[in-house]
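Undergrad: Protein chains in written order, with our numbering: chain E, 1 to 285; chain Z, 286 to 570; chain W, 571 to 855; chain H, 856 to 1140.
Hints were generated in silico from the structure; no laboratory data involved.
All values reported here derive from a predicted model rather than from experimental measurement.
Careful, some of the hints might be misleading.
[What the hints assert, rightly or not] Listing some non-contacts, in silico: residues in chain E with all C-beta distances to chain W over 12 angstroms: (1) Phe23; (2) Asp34; (3) Glu78; (4) Ala93; (5) Glu116; (6) Leu162; (7) Val203; (8) Phe205; (9) Leu225; (10) Ala231; (11) Ala239.
[What the hints assert, rightly or not] Facing chain Z, a subset of chain E residues (Cβ under 10 angstroms, in silico): (12) Ser36; (13) Leu37; (14) Ser65; (15) Ser94; (16) Ser95; (17) Met167; (18) Gly226; (19) Val229.
For glycine and all other residues, C-beta sits at the position ideal for the given N, C-alpha and C.
Number of protein chains: 4
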Amino acid sequence: MAPPADFGRPLQGWRLRAYTIIFEADTRAGRLFDLSLMVAVLLSLLLVMLESVASFRLQHAAWLSWAEYTFTALFTLEYVLRLACVRRPLRYASSFFGIVDLLAVLPIYLAFFFPELYALVDIRVLRLLRVFRILKLNNYVTAYLGLGRALRASASKILVFLSAVLMIVLIMGTIMYVVEGPENGYTSIPVSVYWAISTVTTVGFGDITPKTDLGRAIASVMMLLGWGVLAVPTGIMTAEMAAQRISETPAPTTRTCHECLREGLQADSHFCRHCGAPLPEYQRD
Amino acid sequence: MAPPADFGRPLQGWRLRAYTIIFEADTRAGRLFDLSLMVAVLLSLLLVMLESVASFRLQHAAWLSWAEYTFTALFTLEYVLRLACVRRPLRYASSFFGIVDLLAVLPIYLAFFFPELYALVDIRVLRLLRVFRILKLNNYVTAYLGLGRALRASASKILVFLSAVLMIVLIMGTIMYVVEGPENGYTSIPVSVYWAISTVTTVGFGDITPKTDLGRAIASVMMLLGWGVLAVPTGIMTAEMAAQRISETPAPTTRTCHECLREGLQADSHFCRHCGAPLPEYQRD
Amino acid sequence: MAPPADFGRPLQGWRLRAYTIIFEADTRAGRLFDLSLMVAVLLSLLLVMLESVASFRLQHAAWLSWAEYTFTALFTLEYVLRLACVRRPLRYASSFFGIVDLLAVLPIYLAFFFPELYALVDIRVLRLLRVFRILKLNNYVTAYLGLGRALRASASKILVFLSAVLMIVLIMGTIMYVVEGPENGYTSIPVSVYWAISTVTTVGFGDITPKTDLGRAIASVMMLLGWGVLAVPTGIMTAEMAAQRISETPAPTTRTCHECLREGLQADSHFCRHCGAPLPEYQRD
Amino acid sequence: MAPPADFGRPLQGWRLRAYTIIFEADTRAGRLFDLSLMVAVLLSLLLVMLESVASFRLQHAAWLSWAEYTFTALFTLEYVLRLACVRRPLRYASSFFGIVDLLAVLPIYLAFFFPELYALVDIRVLRLLRVFRILKLNNYVTAYLGLGRALRASASKILVFLSAVLMIVLIMGTIMYVVEGPENGYTSIPVSVYWAISTVTTVGFGDITPKTDLGRAIASVMMLLGWGVLAVPTGIMTAEMAAQRISETPAPTTRTCHECLREGLQADSHFCRHCGAPLPEYQRD
């Protein structure tokens, strides 16, 4: 780990250049790097998905393994480069994107020992989150932050709601296990709870269904319950978002009358609506 | 039942100490007791769930019945202790948590006679509701009360809506019973109503599905209906919650009358609405 | 049809008494009549539902047909009485409840010729709508009117939305018919449209499912579409209801300052917030 | 393509008359033309749908092909006429309705070579969009524009949400592919992702379902997730619509400045915000 005295010394030479290209996206080279990274990630995802299709895998075995090795080499090289050019490798390695970058290559090496884990390479889809950074989509970042804020603000309500749903689902699942029994597919309480969740959430796979009259009556109540209860999280989120939306909108609140100093004047007003003083043209940036 | 004259006499000696530990959660011992109770409830729930899995039950029959007896003894002892140390045992026994505590042990004893009821021991999940009391999660209690208030405030609208849905479901179920008939799985009106509920709530198990053209046309209408109608309870709840959310955020709560010191005055008031004192102009930053 | 000259002549004698009992619910006898009617309707519904269960029908054939004849006689008698005691029988017969009352007995007579129509007797569930009138549940009537108003206010938006959904469903169904074809269960365009509706509304019966890769990709898009689009009717209804809810809430707007006559004062204010005049205690009914 | 000098020369003679009838709907003939077009489109749609039903096709083969040729001839003739009478044929041909009109006839000709494409004739349902123009349903157009505006205003939020859902679905699908494997129906990653989408959107076809305990546990989490997450797009749309609904009902739009006669002044203004004229006290009833 870098000693504290290292704090002031900036990156220099090839490390600075590599850092600018790999970690930043404000220079031409940096943007190009990030864009080709996105393309590489998307191609490798496509590769993993196609490879999982049995018929495709058998036909194209030759170049598939070749492409696979290439992407593995590329992403490993990139990860090593990132570690090499960053000032505090450990801090990068333990950051969100550091872990994602590691997870993007790790399953390939693990697959030597546990071949069935190969598909988990897919987790590199998370690398695409960088796309928001590249495109500097301020609009999207605001939207994302807004969603996050609404979720956090209603977290305690959603937790209470979720714990209530979990209790209902456990009790209902147990009752159905007793009522229907293993002979109708409700082979154990965990399975019954799985069924209860699929019912209350209105998913309704239909792999397990009630066969007895009493079971169907209970299932009917659960469906109506789940359907009505779906209104609750929607209500929570919506109320939160509507409140945010309202506090977001009062665009012209900063326009102030120079005479009476009252604020909140509309952008297209020519006179103060409180004292009648003429207003200068409204300047927006 | 305790005589009325007993009203003033407080608990004393071991009963007071037991009461403080078992019923309250403000002392160290009390908190420890409640926490270990939670752990015991969770463990016993896990036990019941695992026991319902046939393969697990056969493998671990020995220690499962041992653990089962232990939990039964513990919860029975606890229930007796609660009855013993409380001033009015009947009032406790008939309270919500008293019934829950009884239901947590009753099924085990009933299971001697009706073994298939054993799984209902699961109902002790309701004991976990005490967790809110222990953690003193004021935030969560407020959220819980808020949800409850919104549900109660919109109860009459939801009841009207539910009765309308029940009528639709009964009529639609009967029509499908006539149209499709027993040969397509709609063996009786109750079964058809069960199917109609699963369709209108968009669960769609698929254990019974329309086979005739007319039946499929009617089912299509019902699906669109149910889908659109889902908007109604959501709208009811959301409107209620949004209204609460707005009344929750009383923007000017920090404006305080200098005379009577009551806060929560509106931003455009010129006089205190509690004592009539003139208010200085409200300053916002 | 009654001649216009009959307009002023009120009901008299036994017709007036019968009318008061059968059509109104403000006297003791009238309320008793309506209540026993509700019970009779509920019992006859239960009867029809039980009768549709094959095993039950075979066991209880004897008293079932007896009970059936009794209810038929009772409801027929009631319908004739209603026609006899009302001033304008045709107007009653063509009113909503008149038609419902007729539909409650008609299927039984039709069932002599078309036995499979017997189950439609169930339509008499609509008679239960009278329950709102009997119980004088003003609260519920207000809720019902509120729901109706919100639905009507957003009718044009919902129609536009529904027509868009129908077009999407028709095009998507046709595309799936071309892509999957009869060999995968999509036997005709109407069947494909039925499937598309069950997919877009998130019902998902699973009686018909895409088997080809392209079909599954299209189905995935449709599911995400339907899921996101579900937000639209909910949004329409909720926005409408929230707007109603807001216009519903300003309970104390009628409290007016006796001095400056400004209204909208809060119920717990002691002084006018505009002019500082002391307010008399607020009277609610 | 028409030369720029052609800009000022208006349509004349039969082209003007044809244009007025075919493209406009304000004359009697024009309205009649559009109405018969709607009827023809609806009839041809019905024809295509019936034709896809195998039993119907075999019975009515004779007149079906006759009707088919008639509609093809009619719509082709109409398309040619439209091209002939419009001033800038290319601009019409590349407009939305121009493409729709072409797509309404193209599949029939393509069907000579690829018979299975015949059903795509259905795409002519889009021609029905003209119905809004004929009926001059201003109300509906406003509703339609309102929906469009709400969708556009929340587009960035919905995109962020959708990209998050796609990532979740890809990762969850891959995990299920690893956990359940081809032997339980999860034959490839694309198939698993298709299943994940059907689960998260609460469609739940049930053609593929988890069989292992771990798979069912993951599926349960996904169902709860999808159910709760459904609140997000609903919240986004609803908040947007509620905000529009509020700005739609500009309560004081009828207050007008007596000097400059501009309307829409706020109820508590003392001076016109456009010309600064003092306003008389605002009178409400």
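Undergrad: Could you let me know if the closest chain W CB is still more than 12 angstroms away from the CB of Asp34 of chain E?
TA: Correct as stated: the minimum Cβ-Cβ distance to chain W is 27 angstroms, above 12 angstroms.
Undergrad: Hey, does the Leu37 of chain E contact hint survive, CB to chain Z under 10 angstroms?
TA: 41 angstroms, violated
Undergrad: Does Ala239 of chain E clear chain W by more than 12 angstroms, comparing its Cβ with all Cβ atoms of that chain?
TA: Ala239 of chain E not clear of chain W: closest Cβ-Cβ about 9 angstroms, inside 12 angstroms.
Undergrad: Given Gly226 of chain E as an interface hint, is the shortest Cβ-Cβ distance to chain Z below 10 angstroms?
TA: 7 angstroms, holds
Undergrad: Less than 10 angstroms between beta-carbons is the criterion; does Ser95 of chain E satisfy it with respect to chain Z?
TA: Nearest chain Z Cβ about 30 angstroms off; hint violated.
Undergrad: Can we confirm that no CB of chain W comes within 12 angstroms of the CB of Leu225 of chain E?
TA: 17 angstroms, holds
Undergrad: Taking C-beta pairs only, is Leu162 of chain E more than 12 angstroms away from all of chain W?
TA: Its Cβ never comes within 12 angstroms of chain W, the nearest being 20 angstroms, so this holds.
Undergrad: Would the hint on Ser36 of chain E stand, with a C-beta cut-off of 10 angstroms toward chain Z?
TA: 44 angstroms, violated
Undergrad: With a cut-off of 10 angstroms, does the beta carbon of Met167 of chain E approach a beta carbon of chain Z closely enough for the hint to hold?
TA: 5 angstroms, holds
Undergrad: Please confirm whether Ala231 of chain E is truly not at the interface, meaning its C-beta sits more than 12 angstroms away from all C-beta atoms of chain W.
TA: 9 angstroms, violated
Undergrad: Would you settle whether the hint for Ser94 of chain E is holds or violated, based on the nearest Cβ-Cβ distance to chain Z being less than 10 angstroms?
TA: 30 angstroms, violated
Undergrad: If we take the beta carbon of Val203 of chain E, is the closest beta carbon in chain W still more than 12 angstroms away?
TA: 8 angstroms, violated
The earlier numbered hints that this structure contradicts are 7, 8, 10, 11, 12, 13, 14, 15, 16.
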